[in-house]
Amino acid sequence: MTAAIPIEVHESGDAALRVVATSPDRERNWAAVHALAAWLETADVDGVHGAVPTYDSVLVEFDPYVTSARQIRAFVLLGMRQLDYVGTPARTPRQFDVPVVYGGTYGPDLQKVADHEGLSVAEIIALHTAKSYVIRCLGAPAGSPMMDGPDFPLPVPRLKDPRLSVPAGAVSVAGRQAVIAPASAPGGWCVIGQTPLTVLNPDKQPLAPYMPGDLLRFHELPADEFDRFAGLELEASA
Amino acid sequence: MSGTLTIQQAGHSVVTDLGRFKGPRYGLPVNGALDQFSARAANILAGNLDNDPLLEVTALDFRMRADSDLLIAVTGAPLPLTVGGRECPQWEPVSVLAGETVALRGMNTGLRAYIAVHGALDAPMLLGSCAPDTIVGFGLKLAEGTVLGARKIVPPIRQPYFDLPLFRLGLTRPGTSASPVIDVTDGPDIAEFGDTADLLFNTSYTVSGRSNHIGLRLGGALPERQSTAEVLSRGVPVGAIEVPSREELLVLHRGRGVTAGYPVLGVVTSRSLDVLAQARPGHTIRFRKTTVAEATARHRAAMRELEALRTSVNTVFGLLGVGAPASWRELLPASGT
Chain A
4 MTAAIPIEVH ESGDAALRVV ATSPDRERNW AAVHALAAWL ETADVDGVHG
54 AVPTYDSVLV EFDPYVTSAR QIRAFVLLGM RQLDYVGTPA RTPRQFDVPV
104 VYGGTYGPDL QKVADHEGLS VAEIIALHTA KSYVIRCLGA PAGSPMMDGP
154 DFPLPVPRLK DPRLSVPAGA VSVAGRQAVI APASAPGGWC VIGQTPLTVL
204 NPDKQPLAPY MPGDLLRFHE LPADEFDRFA GLELEASA
Chain R
3 MSGTLTIQQA GHSVVTDLGR FKGPRYGLPV NGALDQFSAR AANILAGNLD
53 NDPLLEVTAL DFRMRADSDL LIAVTGAPLP LTVGGRECPQ WEPVSVLAGE
103 TVALRGMNTG LRAYIAVHGA LDAPMLLGSC APDTIVGFGL KLAEGTVLGA
153 RKIVPPIRQP YFDLPLFRLG LTRPGTSASP VIDVTDGPDI AEFGDTADLL
203 FNTSYTVSGR SNHIGLRLGG ALPERQSTAE VLSRGVPVGA IEVPSREELL
253 VLHRGRGVTA GYPVLGVVTS RSLDVLAQAR PGHTIRFRKT TVAEATARHR
303 AAMRELEALR TSVNTVFGLL GVGAPASWRE LLPASGT
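Keeping their order, the protein sequence lines are chains A and R.
In the numbering used here, each residue carries its 1-based index in the first sequence increased by 3.
In the numbering used here, each residue carries its 1-based index in the second sequence increased by 2.
Calculated directly from the structure, the hints in this document are not laboratory data.
These figures come from a predicted structure and were not determined experimentally.
Treat the hints loosely; a few may be bogus.
[Unchecked claim] To be clear about the criterion: a stretch of chain R counts as covered by chain A if any three or more of its residues have a C-beta under 8 Å from a C-beta of chain A, and this derived list gives those stretches:
1. 29 to 42
2. 135 to 145
3. 180 to 190
4. 202 to 215
5. 255 to 261
Backbone N, C-alpha and C define an ideal beta-carbon position, used for all residues, glycine too.
Please construct the entire structure, taking both the sequences and the accompanying hints into account.
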């Protein structure tokens with residue numbers, strides 16, 4: 004049994020609550036909100052639609068006809084006490100390897116990011132491919148794998164004018180986060196490359212092959228090899 | 003016995019339901035009918051389950067032909083509804099004979115109408131819902147000539163007294179206004195906007211033409227975030243009010259991306275999200291502050307009204323011999339009985 008993780012519960016309308024873990028330890032906060040989301044799913048609480056865990060918070064959505072923010076708040080506090088007692092179950096992470104063509108039409112913001120960081124394009128690519136990232140959560144759009152960003156000197160600002168459409172496979176960075184877009188969607192993050200792999204298959208269950216906690220590493224791919232990988236689906240390599 | 007209908011003019015229509023409630027966990031928006039009250043009411047009036055697949059018609063003219071006898075109900079935006087050229091009431095069950103055309107034309111008050119077909123429509127499912135997801139590219143595509151399967155055929159309900167409406171079910175229809183008042187509870191990040199948060203309630207906002215099922219974009223005086231710290235991506239509720247740019251206020255609706263890095267100033271109540279679903283570009287909106295307790299009470303009152311409607315529908319259908327929704331029995335052809 005470990006020390007309790009402090010949480011805050013914020014009202015978020017009549018059909019949702021935001022629970023934020025506020026310990027100084029980011030890893031523990033992340034583990035706690037994901038464990039809470041899993042607990043809520045297992046508990047199958049009447050009226051709870053589901054939970055969206057991200058980095059340090061989880062959004063709990065519910066049907067206000069069946070239950071209420073007050074009742075869900077009580078469930079959340081109960082869940083946190085139970086998790087403090089049993090601890091969070093560890094799962095062996097899987098590894099995903101993602102080939103990326105950087106720059107050019109594949110990554111229109113690569114030069115801009117390099118300029119902002121005061122680094123060369125080659126250095127940006129080297130940092131981006133330097134290590135495996137933990138997939139922290141599945142987010143927008145379409146179950147994107149959201150990760151901690153590369154060890155750039157500075158956080159990357161979001162675009163002033165978000166793009167109306169970013170293609171599927173776009174590899175982007177913003178703030179201290181990194182992501183792959185599984186589907187074409189509007190986007191305000193800096194696109195530095197693109198993977199030819201198909202990330203998401205709506206005909207499959209689950210839609211995305213990865214889960215929070217899995218590891219993902221980017222590898223540089225020469226532009227003339229993009230087509231060789233096109234259409235292949237992203238799969239765990241270990 | 004199952005029937006079919008054929009789309010003659012798709013306009014901007016989809017087959018949907020109340021939403022993909024298991025989606026957000028996997029990064030997919032809930033989507034589904036934007037005016038949930040009207041969608042539920044349509045299904046109840048057609049003797050269906052609240053969550054059965056039905057048609058959502060947005061803004062543009064729509065026509066479909068019944069290839070077999072059907073029982074339908076049309077709710078949502080008020081409009082001239084015709085069946086086989088006859089004008090028919092909305093918010094009531096309506097018999098449609100095989101070969102007749104159902105037309106929804108000239109929608110100019112409200113933005114979305116719902117057509118429920120007794121027995122529900124057949125549609126492919128993803129994570130337990132047929133609601134289209136425009137980002138993933140999931141959902142039935144409707145076009146001229148698309149044939150939809152309806153799971154039941156309902157021979158015409160015989161109306162003994164000519165000119166009298168078949169049903170008077172007494173549901174209070176939601177009003178539609180070109181200047182609706184929208185209830186909002188404080189968002190979890192309201193403090194980030196300091197004193198400027200009050201602007202939300204002292205200003206009127208105009209609905210932009212760039213609004214859609216993902217969110218409504220509103221022009222007007224904008225509250226301003228007081229800090230510039232990077233925000234980690236977080237789950238955002240449907241109804242979240244954000245200020246992502248210096249030009250517009252964004253009110254997220256059911257197609258919203260489930261995570262975002264913008265602070266949430268306020269959250270539109272479940273009841274008022276239905277009202278926003280009917281707001282047309284150019285309409286003027288005012289926001290009114292409310293509490294979660296008050297919002298919950300209003301939502302529950304509306305749901306109880308739908309429960310009462312369900313009871314009336316069951317009774318009426320039972321008396322007419324159409325059968326109770328729980329175990330529909332097919333009517334024999336009316337001739338010779």
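Here's how the hints hold up against the structure:
no.: 1; hint: 29 to 42; result: holds (count 4)
no.: 2; hint: 135 to 145; result: holds (count 5)
no.: 3; hint: 180 to 190; result: holds (count 4)
no.: 4; hint: 202 to 215; result: violated (count 0)
no.: 5; hint: 255 to 261; result: holds (count 4)
Consistency note: the structure conflicts with earlier hint 4 alone.
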